[in-house]
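Could you put together the complete structure from these sequences and hints?
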Amino acid sequence: MKKYLRSVLLAVPVIGGLAFFSFRQDDRLFEIARNLDIYATLFKELNAYYVDEINPNLLIKTSIDNMLRSLDPYTVYYAEDDIEDYMTMTTGKYNGIGAMINSAEGKHTVMMVYEDTPAQKAGLQLGDEITKINGIDLSTREDFDTGKLLKGQTQTSVTLTVKRYGITKPLDITLNRDIVKVTNVPYYGMLNESVGYIDLKDFTASASREVRNAFQELKGKGMKSVILDLRDNPGGLLNMAIEISNIFIAKGEEIVSTKGKVSEWNKTYTAYNPALDTDIPVVVLTNNRSASAAEIVSGVIQDYDRGVLIGQRTYGKGLVQTTRDLSYNTKMKITTAKYYIPSGRCIQAIDYSHRNDDGSVGKIADSLMTEFKTKNGRSVFDGGGILPDILTEKETYSPLATSLGRNRLFFDYGVRYHFEHPTIKPAKEFHLTDADYAAFVKWLGDKEYDYTTQVERDLNDLEASAKKEKSLEVIEDQLKALKSKLSHSKDNDLQIFKPEIKQILEEEIIKHYYLEKGMREASFNEDPEVKAALALFKEPARYNEILKKK
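Going by UniProt numbering, the letters in the sequence shown line up with residues 1 to 550, in that order.
None of these hints come from the bench; they were simulated from the model.
Ideal placement from N, C-alpha and C gives every residue a C-beta, glycine not left out.
Hints are not guaranteed to be accurate.
[To be verified] Mimicking BS3-like on lysine-lysine, the simulated pairs with C-alpha atoms at most 27 Å apart in a straight line are:
#, residue 1, residue 2
1, K219, K428
2, K224, K251
3, K442, K394
4, K93, K181
5, K538, K394
6, K132, K107
7, K548, K224
8, K548, K251
9, K502, K480
10, K331, K61
11, K373, K221
12, K251, K338
13, K375, K259
[To be verified] Distance windows between CB atoms, simulated:
#, residue 1, residue 2, range
14, A439, T396, 22 to 30 Å
15, T91, S263, 25 to 33 Å
16, S194, L58, 23 to 31 Å
17, G123, S194, 35 to 43 Å
18, Q454, V361, 24 to 32 Å
Rendered as structure tokens:
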């Protein structure tokens, strides 16, 4: 009897717990149904009585976008009209012409033409201004997305009417649309007799194959060390990060694990192919725009002490998204888990689950970061992106260079130079002479651009503080004298910052002849991270010392 009574007493809390859970679940479902009913009623009233006609699709999408934005930036709704953009993002392919168009101030300008695309084959050039598409005058279309008319089924034609620098009459250029492949590896090659370089800019469905092909081709050319450039890489498909890590990491080793609310979806991913090379010295380049899948690859390389990371701390996106199909051919990409690299750390930098009173979110505090160990016992930390083994300064530009770029004056001069010089030397050999630079300075003479130097900003801040504290009269004369002395002169600054301006201008001009690949080749000599990597490869002892336990 006592045994029976004990079992009944033990069962009561369990049953009570189930009842409580059931109550909470029913209560939650009721709240969801109640709020959905309120939303539907509100929308009906709005549609019936709002003073102006409303666009139901646009209004609903706006409300969904704002709701999801309150969670995190990566949970996104794709309406039926946006599905093609979603497919481009995941596959790296779309049907179109293969050109990047900038639409601003009523002008639609070709900013880049991609290699082996209909745009390149038809002779479209950087700087061409598109005025009509299939006879449709773009000047009469406000808030118009040129991409909607440029994209279309493979082998259908589209005729562009363009204004080209130096040519008085508009040109009609007819292109046959085709499948345009957005390349994950826009450039790879040998930097010298022994060092190979692979620039990985995305993680779409073909990323692993492109990196493997590049790696094997470079090994065939005598590559003894490799630089994998993940700077400005926003990430992409998780399986591509796993396969690319597997190029350097042995079969069976853990690459990444995911953990979320749905425990059945939690999974540990291991390298499932034999590695291409587990010994070749590797340097991975990162910066604060290396995110997600790029952080998995760089983190795996660091956790296994497989290579040295050089650059700046990565972005810190340790969240995994899963795409769910919705009704009426719509989709939602939803954050379902966090990922953890082999040392056990999650590199998510922002805590979206705990917001400030104003709705803003902050980065995880350094005091809350946890220490982990690499394979060799080196200390690494979670919560703030991947910290490189060798830190370099973030590249910054002078206010003058920033202003020239913002006002598109480098680009416009590149268009002019291309017209005046039909050919130039190969990208690696091209350099502007002092006379060329003087011609650029002269050309700038009647162009509109201005900027504020850091010293001028500091003086303005000092003046504002003095006004606030009612002490401006005491220092007003000195401030005026300082401002007069330190006021920038464009002519002087164009000489002071000549090396920087000249380098940017050379890369811009090269882009008009050799597109992305040429521009990348032209940048190597002045690239601080590439220079640091090449210097490290010359010191094998230092390379090995970095990867040892401290």
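Check your understanding: Which of the listed hints are broken here?
Key -> 3, 9, 11 and 16
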